[in-house]
Amino acid sequence: MKHSWMWKLLASFALLGLAVYALFPTIVYFNLDADELKKVRENPAAFADYLPSWMHERHIVPGLDLQGGVFLALTVDVDKAIGDKTTRISDRVASTAKEKKLPFVKIDTQGDREETVLLATFANSKDLDSFEEQMKNELQNLQKASSTDTSITYRLDPNLVQAMRRDAVDQTIHTIRTRIDSMGVTEPSIAKRGVNQIQIQLPGYDKPDRAKALIGRTAQLEFQIVDDQANFMKDLKDLPAGVEYHPSMGGGGDFLTVKVTNPKNAAPDLDRVKEYLKGKIPEGNVVKFGMLNKKMHDGVYRTYTLLRRVEMTGDDLVEVSISQKSATDSTPVVSMVFSRAGAQIFYDLSKKYLHRQFAIILEDFVDSAPVFQSEISGGRAQIDIGGGRTRDEIAEEVRDLTLVLKSGALPAPTTFSQDMTVGPTLGAEAVDNGKKAFAVGGLLIILFMVFYYRVAGSISIIGMIFNVIFILAAMATIGATITLPGVAGLLLTVGMAVDTNVIINERIREELRRGKMPRSAVKSGYEAAFSAVIDSHVTTFIGGLVLFNFGTGPVQNFAAMILIGTVFSIFTGVVITRVFFEALTHNGPQTISI
Amino acid sequence: MSIRFFDPKNEINFVKLFKPLLAVAALVPVAAIVGALVFGINWGIDFKGGAEMQVRFLEQDPSTEDIIQVLSAAGFEKHQVQRYDDPGKRKRLIRVERLATFSANDIKNIDAQVKIGFASLDQKAIKVNFNANRSDRLDVVLPESKDVAAQRAELTKLLDTKTGFHLWKNDRGSNIESVVPAEPKNGVITYDVHFVSVSDTIVTALTAKFGKIEVDSIQFVDSQISDQLRTDGALAVLYALLAILIYIAIRFDFFFAPGAIVALIQDTFGAFMVFVIARYEFDLPSVAALLTVLGVSINNTIVVYDRIRETMPHDPKKPVDEATVTAAVNKAVNDTLSRTINTTLTTVIAAVSLWWFAGGVISSFAAVLTVGLSLGALSSTFAAPATYLFMRRRYGHLIGVRNVGRGQSREDKLKGVV
Chain A
1 MKHSWMWKLL ASFALLGLAV YALFPTIVYF NLDADELKKV RENPAAFADY
51 LPSWMHERHI VPGLDLQGGV FLALTVDVDK AIGDKTTRIS DRVASTAKEK
101 KLPFVKIDTQ GDREETVLLA TFANSKDLDS FEEQMKNELQ NLQKASSTDT
151 SITYRLDPNL VQAMRRDAVD QTIHTIRTRI DSMGVTEPSI AKRGVNQIQI
201 QLPGYDKPDR AKALIGRTAQ LEFQIVDDQA NFMKDLKDLP AGVEYHPSMG
251 GGGDFLTVKV TNPKNAAPDL DRVKEYLKGK IPEGNVVKFG MLNKKMHDGV
301 YRTYTLLRRV EMTGDDLVEV SISQKSATDS TPVVSMVFSR AGAQIFYDLS
351 KKYLHRQFAI ILEDFVDSAP VFQSEISGGR AQIDIGGGRT RDEIAEEVRD
401 LTLVLKSGAL PAPTTFSQDM TVGPTLGAEA VDNGKKAFAV GGLLIILFMV
451 FYYRVAGSIS IIGMIFNVIF ILAAMATIGA TITLPGVAGL LLTVGMAVDT
501 NVIINERIRE ELRRGKMPRS AVKSGYEAAF SAVIDSHVTT FIGGLVLFNF
551 GTGPVQNFAA MILIGTVFSI FTGVVITRVF FEALTHNGPQ TISI
Chain B
1 MSIRFFDPKN EINFVKLFKP LLAVAALVPV AAIVGALVFG INWGIDFKGG
51 AEMQVRFLEQ DPSTEDIIQV LSAAGFEKHQ VQRYDDPGKR KRLIRVERLA
101 TFSANDIKNI DAQVKIGFAS LDQKAIKVNF NANRSDRLDV VLPESKDVAA
151 QRAELTKLLD TKTGFHLWKN DRGSNIESVV PAEPKNGVIT YDVHFVSVSD
201 TIVTALTAKF GKIEVDSIQF VDSQISDQLR TDGALAVLYA LLAILIYIAI
251 RFDFFFAPGA IVALIQDTFG AFMVFVIARY EFDLPSVAAL LTVLGVSINN
301 TIVVYDRIRE TMPHDPKKPV DEATVTAAVN KAVNDTLSRT INTTLTTVIA
351 AVSLWWFAGG VISSFAAVLT VGLSLGALSS TFAAPATYLF MRRRYGHLIG
401 VRNVGRGQSR EDKLKGVV
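Quick mapping for you: the protein sequence lines, in order, are chains A and B.
When the letters of the first sequence are read in order and numbered with my numbering, they come out as residues 1 to 594.
When the letters of the second sequence are read in order and numbered with my numbering, they come out as residues 1 to 418.
Hints may be right or wrong, so weigh each one.
Here are the simulated lysine-lysine pairs, DSSO-like style, with alpha carbons at most 27 Å apart [as the list claims (entries may be wrong)]:
| # | chain 1 | residue 1 | chain 2 | residue 2 |
| --- | --- | --- | --- | --- |
| 1 | A | K80 | A | K280 |
| 2 | B | K331 | A | K523 |
| 3 | A | K280 | A | K98 |
| 4 | B | K212 | A | K38 |
| 5 | A | K278 | B | K115 |
| 6 | B | K146 | A | K98 |
Think of the hints as simulated: they come from the structure by calculation, not from any bench.
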């Protein structure tokens, strides 16, 4: 083993080479100029153009505070969702009971939020019994809470409530992820925080309002039938400014178009039209708005006259996907799968309203109004967008509609509890300043160590450089995110690495003072310093572990950095630097520069 | 010959300095707490809730007073304007406590006005609620009317004329965008009153006075969340501390743990004092700064402890006398002195260069770090070993530390062993 130091040295440099290889794309990424960075953010695949063809593409991701972007925190309100669901079921029970001509005094909800119950009162106990008998299907998600001779209260089935509580946050995350994917943000991060919170990071994104609008949409999906007999609009007089009358076009009844003054905020104008129409709409109808031409976004809306009854809601859908029209016709269509109860309702609807339009309503706006082409049994349905357009246009619309249906309603209402936007200039400045501080600080440390410990100091510096490269390479390999608190964590571990070498160097000096030869002084110096080094790193690691598990956001990033950092700090401090000392003393010199 | 700040041959009697410096260690947390109570902590948005914007003035360089005046005129009473340390870039941090253009008082006022305006309706059914879903909206609940259009018009007029807010009319002074009725339900109807957002209001007001501005960042934190963040942060630190102390107790022994606590209390509170004195914003990254100080403090203490453990006589059967313990502690502190100085120097160099070059958040971070690191050197040299010595003297008999004859003065005891 005469030349073991040589092999160890070679192995150390081989490791360093590996780390530099892992780190190369990160170096390239952090040196892209603003234009190039924009290009890469819009299309992550473009990053490969800046790298040699044989190079991997994994790199450290700059956090929001470093590259700018939008941070949002959402609170999921499950209690309200429980209340809302009870109310929706109650509405349906009431309208079905009316339809079945069951005698009752009142069917309504009582209480608030999770306390909401359905209260049904009857003139006598016979009516109550027949109600219970006839409404079994509609009441299946409810549980009887209490009853008297003439009244009965139901609450939402506790099993269902439990499932809602368990799944609401996860489902919301799922829904939000689909919505965010449609925004074209690269590397978004969506994570659960605490019991009922979700934190969302959209790096490089700079439109918080659009993000909030898209993510926080409490999108209630509803199906209503379009009233193709509607013709009350032709008699309307004194139409408000910007409103025009159109006769029925290919079924669907006559309608109005509304040109809004501010396409970004259509609400005020549409409100005026709503108000104008109040009292003029026939009993049994409602009027809702939809965009005349969704692709144009030109601020022209049209009215749809619908039958008042909400036939189905997004609750009844279990799956939405894109498929082709038939085995022989590859035109893309939206394919939906309904729940068992939903399948029955949908079949009844398609039979009753065959060849008529039904409106898919999202957040009170008519998203589209396809036609029932056939009776639909089996709980599956296709939405055929219809011809007259290019295949690409159809494909695009099918995709959009699928997205809307899929992301449907969030399982529970959400509130934005935190919201942060960092402009790109701020982040770039932080990175620049950070680089500068790192360079100057590093240089001063190098000067000090080399001045104080001479050759041994240089070895410490080599150890420190190895340490930083190893840590960053590990981060690049797992594609970790680095934020400002993360940089602080990195600094702390670099400090620890230097400290390790200071401890070791001091020990070696002590051993030398006791008269040992350099070679054995190095050996016993490392051995004596080991326990202090291990203890200080283990305590820091334990602290980091706890913080990582209990901390949130910035604290967590800081902790992650500490965890990675302490591991490499021990490795470089105790193993790598020792290899260099061994190389320095392999021929048993009389003196050592320390 | 190698360079050396301090020659280990000339052992310094640190034990003699323990008492006065322990008093300093006790004073630091007291001063920090008193300071925090008297001057208050400049809670950042993470912990207080509110809206925060970083803006750059592109045309003028207004004074802080002028900006505050504009904010006050726009109706934000509780606000804060901070200048960044980068001359020429005209950057400011503006913080207001409110998430909405309306305040809690405004809600009360609107509630009262609506009740007066609709005196003929059932007063109990009238409610004005903050719409939690959108911070810039209010829900006005009224008993259902047959003529919703008329009721809405009446409500709109009332809001426009009686409440100090004005309806959207395409002019600058407006702050209500729309009043939208929902479907009537259970005999009541809810009107969604949509206000102009806080950031838009501030930007409009500042632009009107100082010309074009650019917004670098906007942040909103709900006060409910800020409470939770505060609790979460504190708990995380507490758990981390506990875990570390358990480790020390296992790895060393019972006598060592209290000293580690004393040291890190001194360091962390000392670093915390920087927030109080310099009025730096205390937010989540600040917690990271304090954690760093805490980590370094424990690190320092452990290195000294490790040396004390090593220097102490190792034979467990042979009882040690107090003089030996004192001498061992003094020697260990002396032996680690070079390391303490050098490590602190290098880390402080890094912290100071951060302080100097990195503006904004980082500079406060680095300032705290600099103070904390320097204190860390002191505490590991004095507070931690002193506490250990105190524990050994007070409770040492439990494990067989003999007290040296009472008549001897402490100086004599030291002389005897050094």
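Structure-based check of each hint:
Restraint check: the Cα-Cα separation between K80/A and K280/A comes to about 34 Å, which exceeds 27 Å; the hinted pair is violated. For a cut-off of 27 Å, the pair hint linking K331/B to K523/A stands: about 23 Å separates their Cα positions. This hinted pair checks out: K280/A and K98/A have alpha carbons roughly 25 Å apart, not beyond 27 Å. At roughly 25 Å between alpha-carbon atoms, K212/B and K38/A fall within 27 Å of each other, so this suggested pair holds.
Distance restraint check for K278/A and K115/B: the Cα-Cα separation of roughly 25 Å lies within the 27 Å cut-off, and the hinted pair is therefore satisfied. Proposed proximity of K146/B and K98/A is supported: the alpha carbons are some 23 Å apart, at most 27 Å.
Consistency with the previously given hints fails for number 1 only.
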